[in-house]
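J.: In case you want the letters, here they are:
There are 2 protein chains.
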Amino acid sequence: MDCQEKLEVPVYTDVDRETFLRDIYPLRRPVVLKRVPLGPCVRAWTVSYLAEKGGDREVKVHVSPEPRMDFLHKNFVYRTLPFDKFIQRAAEAKHSDFFISQDESYYLRSLGEDVRKEPADLRKQFPELAEDFYIPQFFEPEQFFSSVFRISSPGLQLWTHYDVMDNLLAQVTGRKRVVLYSPKDALHLYLTGDKSEVLDIDTPDLQRYPEFVKACRYECVLEPGDLLFIPALWFHNTLALQFGVGVNVFWKHLPPESYDKKDPYGNKDPVAATRALQALERTLGILEELPPEYRDFYARRMVSRIQSRAYIRQPMEAAQENLDTA
Amino acid sequence: MDCQEKLEVPVYTDVDRETFLRDIYPLRRPVVLKRVPLGPCVRAWTVSYLAEKGGDREVKVHVSPEPRMDFLHKNFVYRTLPFDKFIQRAAEAKHSDFFISQDESYYLRSLGEDVRKEPADLRKQFPELAEDFYIPQFFEPEQFFSSVFRISSPGLQLWTHYDVMDNLLAQVTGRKRVVLYSPKDALHLYLTGDKSEVLDIDTPDLQRYPEFVKACRYECVLEPGDLLFIPALWFHNTLALQFGVGVNVFWKHLPPESYDKKDPYGNKDPVAATRALQALERTLGILEELPPEYRDFYARRMVSRIQSRAYIRQPMEAAQENLDTA
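Protein chains in written order, with the UniProt record's numbering: chain W, 1 to 326; chain B, 1 to 326.
Just so you know, the hints here were simulated from the structure itself, not pulled from any lab data. Any given hint could be a false lead.
Identical copies look the same in the list; a pair holds intra-copy or inter-copy alike.
[Stated by the list, open to error] No farther apart than 16 Å at their CA atoms in a straight line, the calculated lysine to aspartate or glutamate pairs in the EDC-like style are these:
(1) Lys184 / Glu293
(2) Lys34 / Asp16
(3) Lys85 / Glu58
(4) Lys6 / Asp202
(5) Lys252 / Glu293
(6) Lys262 / Asp114
(7) Lys184 / Asp296
(8) Lys214 / Asp202
(9) Lys53 / Asp84
(10) Lys195 / Asp70
In this text, all values refer to a predicted model and were calculated from it rather than measured experimentally.
Next up, chain W with everything else stripped away, as it sits in the complex (with noise of 0.2 Å):
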């Protein structure tokens, strides 16, 4: 992992709403803020409190056996408890009462109430909780789209991906670190759907992943009580560093009708990327129709196309032509 460019997160401290919409958003990169109000839950949110506030009202959760989930591999399972059992098992090292091992460790990200209909509002499934933490109000209300708990043992490690909705994940408990991509290395990030299949992003196959050390890794460590800004499509990567209790908040950045509204997570992709999406898939089995010679080479000639319509030139490119044409 020689090449790989790594890069901090910047961190802003004290940013308030008009600044953050002037100076920070239109840039569309993950920041770390800090100091940004969010409540008594910062203080009051200890394993026994949420025990006690969030009750036994039962949550599905993911069990796994090693800390470092694998989405496309399944290597965990779902198990229902009630919250205050699952935070007592999340906060805690070893098990006596375990579904796998006394080492399995656990992971909530908090659903609707109608898990294929609803997105997850923490006012709504948790309302006594919901109390203590206050939604950083950057966005305009009508771009809420849902609020979720985070919650994991530590040393749990989740899967690279991409969310299609602006996130701000606020770290209220634990430390966290986050490893992010920006959506233009997704080409280094052998991607099935919106999940990478380079999981040990520390010390990955590059026999395997040898594009990975291309893709350009921004990271941050966050502290109690501080929120990152990722930016919708940028690739997330968190590890737990302690037992800790998140919530992020996705925000709709697109018109509302762009979003797939059967999407209750917030990671389906917007309407138009499917349907673009869908119709390759047809573009694919026509050239199919010709031997692999010829479907190799026109398929880099749709690469091309693809290249020169529909890429955001770098502003290197852009300088350049507008010296040729000067």
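Place chain B on chain W using the hints.
T.: The following block gives chain B in isolation, referenced to the frame of chain W:
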């Protein structure tokens, strides 16, 4: 141009049909074939003989003030001349009769009777000269598509392009340098349709065409009597080192129904490829419903999908996969 890899086109001598079809043709790579019997043309086709036997039949020729013709920016004009007059002008360095200037360059690519419908066939357009040229019998007669005169002034350079037919290019008289690029280098050649934008392949503008260095350059110098096999889709750029007469014979490689029926030149993409490229345009039209950063991202996801579904994997990658699954 420090980095462009350069390879010589392999040269074979006294190859017969059987050897060609067994050892050479399946590789789908260019080769120079020496001592393939081309008939009396090799000795007979002097300027005066060509003028006499070709007669005063009118031919449409490219006339260019510069020897390096540029199709994309059209630095040449089409003019009509009697064949015998054209031969005399193409063979001389300075002209007393000219269209543009006394050192203008000429290039003939002969055409069929009905230029928009019928492929060129020397036996029909130049029956007396055609008798002198033996069409190499490497393929089945029904694969024959066209036979074309390529006659040019000394110094004339033809832009880099590909054709969709297999090509046996017989250099009957004069010497010609041919530079070729693999279809796999399509992305490094800055294509507009079937033509490369990079005109000056010897001292290219790498600020403008930085990817061009990644293309591997195959080169050969054809001596009178040499035959060059150019597989369909291989890019080629010709430079007449002397006044010379070439005949190229195009042959169908794909099943006949694969080709565009309205293609007298043999350079229209196979029908499935054209349909795929058109379907891609519609796909890109859908992507335009998204803002630029989303369009860029989903364009990259499309490229990733095309690469994994339609590219022929490199032997190394395939070998790696075999290791992985072993």
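J.: Could you run down the list of hints and mark each one as holding or not?
T.: Cross-check of the supplied hints:
1. Lys184 / Glu293: Answer is between: at 9 Å across copies they meet the 16 Å cutoff, but 29 Å inside does not.
2. Lys34 / Asp16: within (11 Å within a copy, 78 Å between copies)
3. Lys85 / Glu58: So Lys85 and Glu58 pass the 16 Å test inside one copy only (9 Å; across, 94 Å).
4. Lys6 / Asp202: within (12 Å within a copy, 38 Å between copies)
5. Lys252 / Glu293: Answer is between; shortest inter-copy Cα gap is 15 Å, intra-copy 43 Å.
6. Lys262 / Asp114: within (12 Å within a copy, 58 Å between copies)
7. Lys184 / Asp296: between (24 Å within a copy, 8 Å between copies)
8. Lys214 / Asp202: within (14 Å within a copy, 30 Å between copies)
9. Lys53 / Asp84: within (8 Å within a copy, 100 Å between copies)
10. Lys195 / Asp70: within (10 Å within a copy, 46 Å between copies)
Every hint, counting from the list given before, is met by this structure.
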